[in-house]
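Each chain, written out:
There are 2 protein chains.
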Amino acid sequence: MDSAGSQYPGGFVAIEGERISALGPAAEAPPAQGWELIDCSGCIVMPGLINCHTHLPMVYFRGLADDLPLHEWLTGHIFPAEGAHLSPQFCHEATLLAAAECILGGTTCVNDMYLFADSVASALEIAGLRGLVGEGVIGFPTPSAPTWQDGLKLSQELLRKWQGHPLITPTFCAHAPYTCGVELLQSLYTAAQQHGAPFHIHLHETHAEPGMVQWREGDETPTAALKRIGILGAELIGAHGVWLSERDISLLAHGGCSIAHCPCSNLKLASGIAPVPQLLAAGVPVGLGTDGAASNNNLSMFEELHTAALLPKGAHRDPAGLSATAMPARTAVELATSRAARALKRSDIGQLAPGKLADLIVLDASAAHLAPRYHHEGAVYSHLAYSAQAGDVRDSIVNGRVLMRGRRLLSLDPAALRAQAQAWVDRSYPPAG
Amino acid sequence: MDSAGSQYPGGFVAIEGERISALGPAAEAPPAQGWELIDCSGCIVMPGLINCHTHLPMVYFRGLADDLPLHEWLTGHIFPAEGAHLSPQFCHEATLLAAAECILGGTTCVNDMYLFADSVASALEIAGLRGLVGEGVIGFPTPSAPTWQDGLKLSQELLRKWQGHPLITPTFCAHAPYTCGVELLQSLYTAAQQHGAPFHIHLHETHAEPGMVQWREGDETPTAALKRIGILGAELIGAHGVWLSERDISLLAHGGCSIAHCPCSNLKLASGIAPVPQLLAAGVPVGLGTDGAASNNNLSMFEELHTAALLPKGAHRDPAGLSATAMPARTAVELATSRAARALKRSDIGQLAPGKLADLIVLDASAAHLAPRYHHEGAVYSHLAYSAQAGDVRDSIVNGRVLMRGRRLLSLDPAALRAQAQAWVDRSYPPAG
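Keeping their order, the protein sequence lines are chains A and B. For what it's worth, numbering that gives the first Met the number 0 labels the leading residue of the first sequence as 0, then goes sequentially. For what it's worth, numbering that gives the first Met the number 0 labels the leading residue of the second sequence as 0, then goes sequentially.
One or more of the hints may lead you astray.
Covered stretches of chain A (chain B as the covering partner; in silico rule of three or more C-beta atoms under 8 Å from a C-beta of chain B) [what the hints assert, rightly or not]: (1) 297-305; (2) 417-426.
Beyond 12 Å from chain A on every Cβ pair, some chain B residues (computed) [as the list claims (entries may be wrong)]: (3) 21; (4) 24; (5) 124; (6) 125; (7) 146; (8) 151; (9) 152; (10) 161; (11) 178; (12) 185; (13) 217; (14) 218; (15) 254; (16) 345.
Just so you know, these hints were derived from the structure itself, not from any lab. From the three backbone atoms N, C-alpha and C, an ideal C-beta is built for every residue, glycine too.
Looking at chain A on its own, in the form it has when it is part of the complex (with noise of 0.2 Å):
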C-alpha cells in the first residue's frame, strides 16, 4: 500500500528509528541477523489508520445521553456535563482511554480538538499515539478559557510547548463559523498561518447552520462566509461538511482546503450525509474522522470506514442502482490511510514507503470473517472496507515504535483506565436511589 497501491504477498517492511527504510517482496529482504523480527505470517500489514476528527476526552461521556436532536443533546446534555466536569485532570485522563481504544482497533494518528489540550496532548505523548492537538477556541466561556482571547492564548502556548515534537502536532481549532465571531476567526486564522499549522474548525454540520452564522451577510453559507474573511485557504480543515453546496464544493477546491467526513456521528445526530463522492471528485482532499464518543458512541475507524464505504451507495434511493460504484473499496480504504493523511495536510504518514514515518498495522486475517481471499487486486481492499473488525488489530507500530503486541498494548493500562472511568462516572452520576 505506497501510492502505487503495491501489495506484496509474502513480503517484508524494514523500519529503522521512526522510519520505514525499505519494503518489498520477501526476496528483496535484507539478511535477518541485527534485526527485531515481526513475524507476520497470515497477516495483512497496512498503513495505521488515521481518525480526521476526534474529541478523545467525550469518551467519559459515551452513552451520557443518546437519540436526542443535535440542538437538545448538545445544550441539555453535554454542554452542562463539560461545565460542570471538565478538568486538566479529566481530560488527560480520559484522553488515555481514548488513546487504548484507538490502539486497540488500528488507528495510529488523530486530529483531535478539544478543552484543555495540553492534556490531551501529555496524554497522547504517554500512549505513544500520533496526533494534531488543538484547542478548541469558542466565542463565549469555557472551562478552560474565560475569553477567546484566552482560547487564542492557550493555542499559542500549546505550539510553543509542542512544536516540533515528534508525535504532537498543534493546532489552531476555532469551534464553528456560528459559534465563533470574525475577530476570533481572523485571529486563529492568522496565527495558523504564520506558524504553518492546520486550522482545525466544524464546518456545514447542519441545515440549520448557516441561519445561526450571525456575522454572515445575506444568505451566504458558512464556507462563502469563511471565504470572503479571507480563511479559505490550505491550513483550513473542515469536519463534517455535510450540507456543502456545489458552490461551497468549488470554494473548498480551490482553497485546497480539506474535509473530514463523519458518517456515524452525521447519522446518529440526524445531520444527514456528506456529499463525499462530490468532494471526491472536484479534488478536495477527504479523510474519516469517528467524531467524539458521545455521537458515534466507538473510535472504531473500521467501523466508519464500513459507513463510509456503504452509505454512498444506497444513501440517496438512487432508482438504477448505478452508485453501487460510487465508493469503490480501495478509495474508502484510503480515506482512512493515505487520504486521510493528504486531508490533514501531511506527506510522512498514510502510506508504507521507504522514508515515510513507520505508523503501521498488522491485522490478523484468520478470522472467519475475512475467510476465504480471492486472489484479484481488489480483494484485500474488499475484506479492509466491508469486513475486517477493530478486533482484528493485532500489532501496532507508531513512530517506529510497537504500541501493540498481539492485542496487548504496551504503553497503557486499559483495566486500570476503565476502573478509572467507571470510578469518575460513579462518583459523577451515581445510581438513583
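With chain A held as given, fit chain B onto it using these hints.
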C-alpha cells in the same frame, strides 16, 4: 431483557435442558450445588442475536466481486459462480464456515434461504446453531432443481426430514415475485400453510422490481400483487422491503406479515433504505438480517444493529434533525432479539425469561469501547446499539448447549474451515499467471 425489559445488575440465569428455568437478581439464585456454573462477572448476559435473512453458503463468495450495480453483480458474477460451483458439499462446508462466524459474533439463530438446503440444515445441526432453513425455489433451472416443481419437492423432503428437530425449522422459500410465477408462488405458499411453516421471500428489494414482475396487473406493487393471489398471510417473511409504499405497509400489517431488514446489504447494492420506522408504526414485525456475505460482506449482527440504529436518524437529511429520535437504541436492540423472534413467528426465543429456549450470549463488557457505563436504564442499550463489537461476545449458548466459551468454539474447528474455504478458492479461482 425479558418482555418487560428488566435488567438485573448482578443477576443469574438458570438453564435446565433446552430452556431457561429461572432468572432474576443474584439474591434469588438457587444454591450453586448441582449446577454447572458460568461466571459472568463484568459481563452482559442477553438473548442471542437472530439473523432474519441470510444465505449462509455465500460466505465462499465473500469478496468475489464488489462495487457493482445489483444486476451486473448478480448476473455477471454471482449466478455464474453459483451455476459453476454449487453442490451439496459446497453448501455444507460453506455453511460450517458461516456458522463459525455467526457464533463468534453472537448470532444464535438464522433464517436461511439457499440451494441444497438439506446440506445447510445438516451443517447447522453440527454447529449447534438454531436455524429456519428453506430451499430457494425459483422459476428457472438451478443447480439443485431442474424445475420449480423439483424445488417444491426438495422443500417437502426437507420438511419431512427435519420437522420436529430441536434446532432446525424447515421453511418454504420462493426467491422473489420477479423470478417466480403465480403457480409456483401459490403452490409453495399453500404447502407452507398446510404445514404451519414460515414462507420466506425476497420482497421489493429494488426500485426496478415492480416492472420485472411479469404477472402483475397494471402498475401493481409486488406486495399488492402477492395480496391479489392470496399469499400475503401470517406465514410470510419478506426480506428487504426497501421500496414499500404506504399502502404496501398497510397490506403487510393487515396480513400479519413480517419484514427482514438488511440495511448493510441494501446500502452496498445501492438498493436504498427500508422505511423501518413506518413499518414499526404500522405494527409490522421487523427483524434484522445480514443477507449473504457476498453483499455485506460480513455476518456481524452487531454491525447490522449499529447500521440499523444509525440510518433512520440521518439518512433522510431531515433539516430539523428531529429524526435523531427515529430509532431509539432499545428498539434497535430489539430488532436483533425480541422483535426479530416475532418477525420469524417465534415466541420461544429472543428474550430471557423462564420457559424460553436457552439461546443466549455473554458479552465481555470490559472492552475499552464499552467504558464507562452510566447507571440510567438506557445505558446498556446504548452500548449494544452503538458500540459493542462481534469480538466482545465471550460465550454462546444455543438450546442449552454451550457453543463457545471464552471465544473458543466447541462445536467447530474454525482454522480447518478457513483452510478448506481457501483451498476451494485457490482451486476454483487460482491466481493469474
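Which of the numbered hints above does this structure break? none
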